[in-house]
Amino acid sequence: IDEELLGDGHSYSPRALHSWLTRVLYNRRSKINPLWNTVLIAGVYGGESFLGYVDMLGVAYEAPSLATGFGAYLAQPLLRAELERDRDRDRLPTREEARELLERCLKVLYYRDARSFNRYEVATVTEKGVELEGPLTLEANWDIAHVV
Amino acid sequence: EWTAEPVSTGTTIMAVEFDGGVVIGADSRTTTGAYIANRVTDKLTPVHDRIFCCRSGSAADTQAVADAVAYQLAFHSVELEEPPRVRTAARLFQQSCYRYREELSAGIIVAGWDPRRGGQVYMVPMGGLLLRQPFAVGGSGSSYIYGFLDATFQPGMSRSQCQEFVARALALAMVRDGSSGGVIRLAAITEEGVERTVLAGSDLP
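Residue numbers (full-length UniProt numbering), protein chains in the order written: chain A, 1 to 148; chain B, 1 to 205.
Since the hints were derived computationally from the structure, they do not count as laboratory data. Nothing here was measured: the structure is a model prediction, and the numbers come from that model. Backbone N, C-alpha and C define an ideal beta-carbon position, used for all residues, glycine too. There could be a bad hint or two in this list.
As the list claims (entries may be wrong) - Below, a sample of chain A positions facing chain B; criterion: calculated Cβ distance under 7 angstroms:
| id | residue |
| --- | --- |
| 1 | PRO77 |
| 2 | TYR110 |
| 3 | ALA114 |
| 4 | VAL148 |
Could you build all of it, start to finish, from the sequences and the hints given here?
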């Protein structure tokens, strides 16, 4: 995805990018030659935040929380529980709460996904742009090893 | 898909002889496919007071065989009226693993101390071969550390040198092998007894 910076003031909106990606991935899959990827798009455009998912089958959707791979099984319930609890009180998590939630999910995934590693990066997307932090290391708790 | 995959002690296991006993070590991860069913598994199983086995391969198979051998050894020890030899334990493992080689998926390292020959390490890999070695490694993670082991092993290491050697080797394997991970469980078996330790998180070399 290379944007030709023509300096004409135009750039892709997250929604447009998501739509384009969906078309590309779905058509490749339909030719039985998929791009073997799962992509999450997170963006802010016109004051609205956008979160979209596309995978190698061309399955695409938007949701308040997204996860791929093992995350779909382990992290998504955690994310949704938190978001639902906040939605019942008509609020969204704060940036810090969201960040902390993410790290909790990453920790669980490190514990339970055999193909994971304890290093990660975090990108926060706001109107002002993208802030990339990392690489950071997850702290794991192994106290239960002594109970066995 | 996880229901189709057997529960496997993916694993890295290791045992080293030293003058006066053996040091054994293992990771603590059990997987069903890519899901970690148990992240604090104990793969160092006693089959007698001073004889342990390190289990790799199918969790069910190795547990079943280890239980059977532990029973046989207990019986044999009573008949003998003395502690059983490590070689006997290894031979019992080998007999089960070879006889049922087509059905089993078990890679085992038997290690311990007996009054006759001191510390000994025997490997009984899949197929049912029995081989005594100064040190042995097994499990899926072992492939990643052969280079390190060949370059670093010295005969005649002390107990603490062996413990450090095992811990470093296991840590390296655990980083690279997806089926190995968690904490490092170590045990030192000598005439005095068995001393177990756990290395976790920041303690890992």
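Quick one, is the PRO77/A hint okay against chain B at 7 angstroms, beta carbons? violated, 15 angstroms
Agreement of hint TYR110/A with chain B interface, Cβ distance less than 7 angstroms: violated, 9 angstroms
With chain B as the partner, please determine if ALA114/A meets the hint condition of a C-beta pair closer than 7 angstroms. Holds. Min distance 5 angstroms.
Hint validation: VAL148/A versus chain B, beta carbon distance must be below 7 angstroms. Holds or violated? Hint on VAL148/A: holds, closest Cβ of chain B at ~5 angstroms, below 7 angstroms.
Taken one by one, the earlier hints fail for this structure at numbers 1 and 2, listed in ascending order.
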